[in-house]
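Asker: So you can see what is in the structure, the chains are spelled out below.
Protein chains: 2
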Amino acid sequence: MSERQARRGGGRDSKRAARQVSQTKQAAFIERRIPYFELLDEASLALIEDNADTLLEEIGIDFRDDPEALSLLKAGGADIQGERVRFPRGLCRSIIQATAPKEFIQHARNPERSTVIGGRRMVLAPAYGSPFVRDLDKGRRYASIEDFRNFVKLAYMSPGLHHSGGTVCEPVDLPVNKRHFDMIYSHLKYSDKPFMGSVTHHSRAQDTVDMAKIVFGEAFATNNCVTTSLINANSPMTYDDTMLGALKVYARNMQATVISPFILSGAMSPVTVVGTATQILAEALAGMAFAQLVRPGAPVVFGTFSSAVSMQSGAPTFGGPEPSLVMYTVAALARRLGVPFRSGGGLCASKLADAQAAYEAANTLQTAALAGVNFMLHTAGWLEGGLVMGYEKFMMDVDQANMLSVLLGGVDMSENGQALEAFREVGPGKHFLGAAHTQRNFETAFYRSTLADNNSFEQWTEEGGQDMAQRANTQWKRVLADYELPPMDPAIDEALLEFIAKRKADFPDKDY
Amino acid sequence: MSERQARRGGGRDSKRAARQVSQTKQAAFIERRIPYFELLDEASLALIEDNADTLLEEIGIDFRDDPEALSLLKAGGADIQGERVRFPRGLCRSIIQATAPKEFIQHARNPERSTVIGGRRMVLAPAYGSPFVRDLDKGRRYASIEDFRNFVKLAYMSPGLHHSGGTVCEPVDLPVNKRHFDMIYSHLKYSDKPFMGSVTHHSRAQDTVDMAKIVFGEAFATNNCVTTSLINANSPMTYDDTMLGALKVYARNMQATVISPFILSGAMSPVTVVGTATQILAEALAGMAFAQLVRPGAPVVFGTFSSAVSMQSGAPTFGGPEPSLVMYTVAALARRLGVPFRSGGGLCASKLADAQAAYEAANTLQTAALAGVNFMLHTAGWLEGGLVMGYEKFMMDVDQANMLSVLLGGVDMSENGQALEAFREVGPGKHFLGAAHTQRNFETAFYRSTLADNNSFEQWTEEGGQDMAQRANTQWKRVLADYELPPMDPAIDEALLEFIAKRKADFPDKDY
Chain L
1 MSERQARRGG GRDSKRAARQ VSQTKQAAFI ERRIPYFELL DEASLALIED
51 NADTLLEEIG IDFRDDPEAL SLLKAGGADI QGERVRFPRG LCRSIIQATA
101 PKEFIQHARN PERSTVIGGR RMVLAPAYGS PFVRDLDKGR RYASIEDFRN
151 FVKLAYMSPG LHHSGGTVCE PVDLPVNKRH FDMIYSHLKY SDKPFMGSVT
201 HHSRAQDTVD MAKIVFGEAF ATNNCVTTSL INANSPMTYD DTMLGALKVY
251 ARNMQATVIS PFILSGAMSP VTVVGTATQI LAEALAGMAF AQLVRPGAPV
301 VFGTFSSAVS MQSGAPTFGG PEPSLVMYTV AALARRLGVP FRSGGGLCAS
351 KLADAQAAYE AANTLQTAAL AGVNFMLHTA GWLEGGLVMG YEKFMMDVDQ
401 ANMLSVLLGG VDMSENGQAL EAFREVGPGK HFLGAAHTQR NFETAFYRST
451 LADNNSFEQW TEEGGQDMAQ RANTQWKRVL ADYELPPMDP AIDEALLEFI
501 AKRKADFPDK DY
Chain H
1001 MSERQARRGG GRDSKRAARQ VSQTKQAAFI ERRIPYFELL DEASLALIED
1051 NADTLLEEIG IDFRDDPEAL SLLKAGGADI QGERVRFPRG LCRSIIQATA
1101 PKEFIQHARN PERSTVIGGR RMVLAPAYGS PFVRDLDKGR RYASIEDFRN
1151 FVKLAYMSPG LHHSGGTVCE PVDLPVNKRH FDMIYSHLKY SDKPFMGSVT
1201 HHSRAQDTVD MAKIVFGEAF ATNNCVTTSL INANSPMTYD DTMLGALKVY
1251 ARNMQATVIS PFILSGAMSP VTVVGTATQI LAEALAGMAF AQLVRPGAPV
1301 VFGTFSSAVS MQSGAPTFGG PEPSLVMYTV AALARRLGVP FRSGGGLCAS
1351 KLADAQAAYE AANTLQTAAL AGVNFMLHTA GWLEGGLVMG YEKFMMDVDQ
1401 ANMLSVLLGG VDMSENGQAL EAFREVGPGK HFLGAAHTQR NFETAFYRST
1451 LADNNSFEQW TEEGGQDMAQ RANTQWKRVL ADYELPPMDP AIDEALLEFI
1501 AKRKADFPDK DY
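For the protein sequence lines, the chains are L and H, in the order given.
The letter at position 237 of the first sequence is residue 237 when you use our numbering, and the numbering goes up by one with no holes.
The letter at position 509 of the second sequence is residue 1509 when you use our numbering, and the numbering goes up by one with no holes.
Accuracy of the hints is not assured; some may be wrong.
Unchecked claim - The calculated DMTMM-like cross-link candidates involving lysine to aspartate or glutamate, where the alpha carbons are at most 20 Å apart (straight line), are:
id	chain 1	residue 1	chain 2	residue 2
1	L	Lys25	L	Glu146
2	H	Lys1477	H	Asp1240
3	H	Lys1102	H	Asp1079
4	H	Lys1178	H	Asp1506
5	L	Lys430	H	Asp1482
6	L	Lys430	H	Asp1493
7	H	Lys1430	L	Asp65
8	L	Lys430	H	Asp1241
9	L	Lys430	H	Glu1031
10	H	Lys1430	L	Glu218
11	H	Lys1138	L	Glu49
12	L	Lys430	H	Asp1173
13	H	Lys1138	H	Asp1173
14	H	Lys1430	L	Asp62
15	H	Lys1430	L	Glu58
16	L	Lys74	L	Asp240
17	H	Lys1430	L	Glu463
18	H	Lys1189	H	Glu1458
19	L	Lys138	H	Asp1482
20	H	Lys1430	L	Asp240
21	L	Lys477	L	Glu458
22	H	Lys1502	H	Asp1065
23	L	Lys504	L	Glu49
24	L	Lys102	L	Glu49
25	L	Lys213	L	Asp493
26	L	Lys477	L	Glu146
27	L	Lys102	L	Glu31
28	L	Lys74	L	Glu57
29	H	Lys1430	L	Glu458
30	L	Lys502	L	Asp240
31	L	Lys430	H	Glu1494
32	L	Lys430	H	Asp1210
33	H	Lys1189	H	Asp1493
To be verified - Computed Cβ-Cβ distance ranges for the label pairs, DEER-style:
id	chain 1	residue 1	chain 2	residue 2	range
34	H	Ser1313	L	Glu421	24 to 30 Å
35	L	Glu68	H	Arg1478	58 to 64 Å
36	L	Pro159	H	Pro1088	17 to 23 Å
Since the hints were made in silico from the structure, they are not lab data.
Being a predicted model, the structure only gives us computed values, none of them experimental.
We put the CB at the ideal spot given by N, CA and C, even for glycine.
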């Protein structure tokens, strides 16, 4: 690079950095100011609800390897035969509607980051569960605790994300029985946003609660929601003891659970949109009602993970029309039930952060926004059907997340929004660039993408002719370089580390 | 490649080819079976309509260099001062609603391809207007007539596209004053889908009409819509003589025109969503009313091309939230007016068919579908703000277009859709793959992407680890290789070529 280029590059680099700084402000959630897209009419939704009751009454749900769960359900009015639980029509709905909150606060250790899940709000969290990560430099590899911390930091630094998430990747370099300590600690240490708890064993849920007590105080942490945790059904129509065990710990401690049917249509559910939606409703009704029987008033979120499948390979597919139709349907069912709804995300099947990843992710994100998802897990980073957390994909999805806050913000109908003064100033054949109205508004009028290149071909070529993934690569590195720890009371930090050290000592030093 | 790999590759190649064959059937249009997403309420829409009337009454529209237009407008009730035309409140609306059809048939030379524009239908056409093309092998280059023919062929071969479009790229290797002959001929020869006419000069519009007469017969071609052509306003608030000249030729011959405000918000309109939508309405009202004054009953489409801008570079930006809010708004205004609506497309600013291109295109396509666009120009191929027609991007967007037909098809609420029999057959903890219901439905249950890779990382790596653009590259080449001419009456073909030869001889042999 010549000296002139270096000088120009320096200027251009800082200009580029300035361009890339997001003007999205950190908020606790997005306030929705637009209608919901209502796909189905009242009669169709009522029919689905009726059919879900038929499933619950006639076929039922298996609650496996958990006698305590069965007796709670029996006491709640369900019919128990072996592990098969059948619910009289309307029972789950009435149990839920009696005590489950329509919306709830999840407190963060920084009160400014405490969020509200439900109602007319949308809360965005990173992707969850990937055992692998990928970036442009090192390619695809097993995720480590260092990657975990990186993604917690990236989420912390992304104003468009409101939540730190949970298993932002699976740190497989740590033993299974102990990694949750480092994961929960990482959320608490490297972020001050609300986070999700461990669910892989009831004792790990308890450890999560105990660590939350250290941070929030025991009384506060067990009477207010300070964690939201993902409880997957074992679709179809089954809850297993691991998930139930974690659910009980959280519900008893008034912590929120996201009761999530997990569906690859055609495999874990019927192939049709209505069949899938009906099953999702039945499973979620049972799980959410169960949580209320464990602890009336424990917050629950109606979760849904639902994809189509490739009938050739059996692999899940994303971004297509059928999962969108399912999401619109189930969102309406959740609204009618009166509980917060979780679904969506930047879902894709692509191995790379390429056009496939983006078409698929965008289709799902747009759907989630219009459908009225309240809590969106998997917003950022998802690749390869959920197997991989992508660094570049994360940054791209965060850009999209920022846009959702503007889309959901709706339309300004004020005098300023109507802009009549601008027309009176400018007139036919002129341009509006210098108009007073434009000058007053231009800085906030349009969302500025953190990653899109809008320049001419010539300028883009001069700047290296990069694709979006390459720009995202530069960006995540810069964000991590700019990262600074949020403040934390050293006494709390020390108490957490003591707790972790003590608990880790309880475990044999091998992976199982 | 080893012999074993070659054998495996051979099998896999044909399997891959089979996978890639679209199961989307060629239709004349998409029938919409879902609601519209109604962003604004009645009062807000009425306010915008009122403000548009204020613009038309108080400020007016310039109709430049066309005295005939001015006297038609004057006779129609407008106030003329110089070239400034002011419309009494409600005049344009009443002129339009008196005679403009709510929907109309555009005939194709193959009657099976004749389409309907308006009402509850969506018609998809390729991108329009790019002077450059791009593909992975040859990169970016000026478009040629060979590229033009390629895109006509690709659109012909894509069941998800219903319309051949117009200037699918600008063949700059041909002289400006004569290229329209080859362009129109290419649509007629290489496709049998409906197409768009030339608008760059009134004589070229006349040539289009004359060529249509050869194909459809003179009486038919001048009393039925056989072309739909793009008439851009010279926003803000101006129509110029070139566009008016073409408009008059088409309207007089009962041909459809898409009256399109062309807006980069902040430059050609105020920066706000409502300001932009109001101006779009005012301009379109004036242009569509004018077309009715030229020829009552001539079909008109309420067009909109609207983007945000980068306030740093002044370049148009795509796929962001504000243009979506504008599109939802204007779609509702067009519905209230009772005319077909054109907008949307796979719009993007990206130079490449990368993730940026896809996020941006997908956001716009989803919005167009939910908003209720009737005629979507730019569906496939758009890159670099419209400067480039991309071969790979075309194929990717066509895959998305196929999906829109499924999304708009809505939800099957029948017994089969409800799938209760499947639940009764399968039960908790089992899977649905072998269920009778699944077997009966799986082949049509899910849209199968023509380009997405849904395979495992291992299989994808084995197959070359390609990104979506690389697969699209293989695909467009295969589609062109498989292309076969639709049949055409040799007498008509001959007559067209004679006409073209004669008319070309009228022009001096140089470019101007």
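Asker: All hints are to be evaluated individually against the structure, with a verdict given for each.
Answerer: Going through the hints against the structure:
As the CA atoms of L:Lys25 and L:Glu146 are separated by approximately 27 Å, the hinted pair breaks the 20 Å bound. Between H:Lys1477 and H:Asp1240 the alpha-carbon distance is near 41 Å, which puts this suggested pair outside the 20 Å criterion. A hinted pair counts as satisfied when its Cα atoms are at most 20 Å apart, and H:Lys1102 with H:Asp1079 does not qualify at roughly 27 Å. With a CA separation close to 10 Å, the supplied pair H:Lys1178 and H:Asp1506 stays within the 20 Å bound.
At roughly 50 Å between alpha-carbon atoms, L:Lys430 and H:Asp1482 are farther apart than 20 Å, so this suggested pair is violated. Proximity of L:Lys430 to H:Asp1493 is assessed by CA-CA distance (about 46 Å); at most 20 Å being required, the pair is judged violated. Taken as a hint, the H:Lys1430 and L:Asp65 pair is honoured in the structure, with Cα atoms around 17 Å apart against an allowance of 20 Å. Between L:Lys430 and H:Asp1241 the alpha-carbon distance is near 17 Å, which keeps this suggested pair within the 20 Å criterion.
Taking the CA atoms of L:Lys430 and H:Glu1031, the gap is about 41 Å. The hint is violated against a cut of 20 Å. Between the alpha carbons of H:Lys1430 and L:Glu218 the distance comes to roughly 42 Å, so the proposed pair goes past 20 Å and is violated. Distance restraint check for H:Lys1138 and L:Glu49: the Cα-Cα separation of roughly 56 Å exceeds the 20 Å cut-off, and the hinted pair is therefore not satisfied. Distance check on the hinted pair: L:Lys430 and H:Asp1173 sit about 34 Å apart at the alpha-carbon level, beyond 20 Å; violated.
For a cut-off of 20 Å, the pair hint linking H:Lys1138 to H:Asp1173 stands: about 17 Å separates their Cα positions. A threshold of 20 Å between alpha carbons decides the hint, and for H:Lys1430 with L:Asp62 the separation of about 11 Å falls inside it, so the pair holds. Of the supplied pair hints, the one linking H:Lys1430 and L:Glu58 holds, its CA atoms being roughly 16 Å apart against a limit of 20 Å. Restraint check for L:Lys74 and L:Asp240: the C-alpha separation of about 17 Å stays at or below 20 Å, so the hint holds.
At most 20 Å may separate the alpha-carbon atoms for a hinted pair to count; H:Lys1430 and L:Glu463 exceed this at roughly 55 Å. The suggested pairing of H:Lys1189 with H:Glu1458 is violated, with an alpha-carbon distance near 45 Å, which exceeds 20 Å. In summary, the hint linking L:Lys138 to H:Asp1482 is not supported, as the alpha carbons are separated by about 40 Å, beyond the 20 Å threshold. For the given pair, H:Lys1430 sits about 14 Å from L:Asp240 by alpha-carbon distance, which is consistent with the 20 Å threshold.
As the CA atoms of L:Lys477 and L:Glu458 are separated by approximately 26 Å, the hinted pair breaks the 20 Å bound. Between H:Lys1502 and H:Asp1065 the CA atoms are separated by roughly 30 Å; this puts the pair beyond 20 Å, and the hint is violated. Simply put, L:Lys504 and L:Glu49 have alpha-carbon atoms about 46 Å apart, too far for the 20 Å limit, and the pair is violated. For the hint pairing L:Lys102 with L:Glu49, the CA-to-CA distance comes to about 19 Å; that is within 20 Å, so the pair holds.
For the proposed pair L:Lys213 and L:Asp493, the alpha carbon gap of about 12 Å is at most 20 Å, so the pair holds. A distance of roughly 14 Å separates the Cα atoms of L:Lys477 and L:Glu146; the hinted pair therefore holds under the 20 Å criterion. About 16 Å separates the Cα atoms of L:Lys102 and L:Glu31, which keeps this hinted pair within 20 Å; it holds. Under the criterion of a C-alpha separation no larger than 20 Å, the hint pairing L:Lys74 with L:Glu57 is consistent with the structure, at around 14 Å.
The straight-line distance between the Cα atoms of H:Lys1430 and L:Glu458 is roughly 58 Å, outside the 20 Å bound, and the hint therefore fails. Proximity of L:Lys502 to L:Asp240 is assessed by CA-CA distance (about 29 Å); at most 20 Å being required, the pair is judged violated. Restraint check for L:Lys430 and H:Glu1494: the C-alpha separation of about 48 Å exceeds 20 Å, so the hint is violated. A hinted pair counts as satisfied when its Cα atoms are at most 20 Å apart, and L:Lys430 with H:Asp1210 does not qualify at roughly 37 Å.
In summary, the hint linking H:Lys1189 to H:Asp1493 is supported, as the alpha carbons are separated by about 8 Å, within the 20 Å threshold. Between H:Ser1313 and L:Glu421 the CB atoms are about 26 Å apart, so this pair conforms to the stated range of 24 to 30 Å. For L:Glu68 and H:Arg1478, the Cβ-Cβ distance of about 60 Å falls inside the hinted range of 58 to 64 Å, so the restraint holds. At about 49 Å, the beta-carbon gap between L:Pro159 and H:Pro1088 misses the expected band of 17 to 23 Å.
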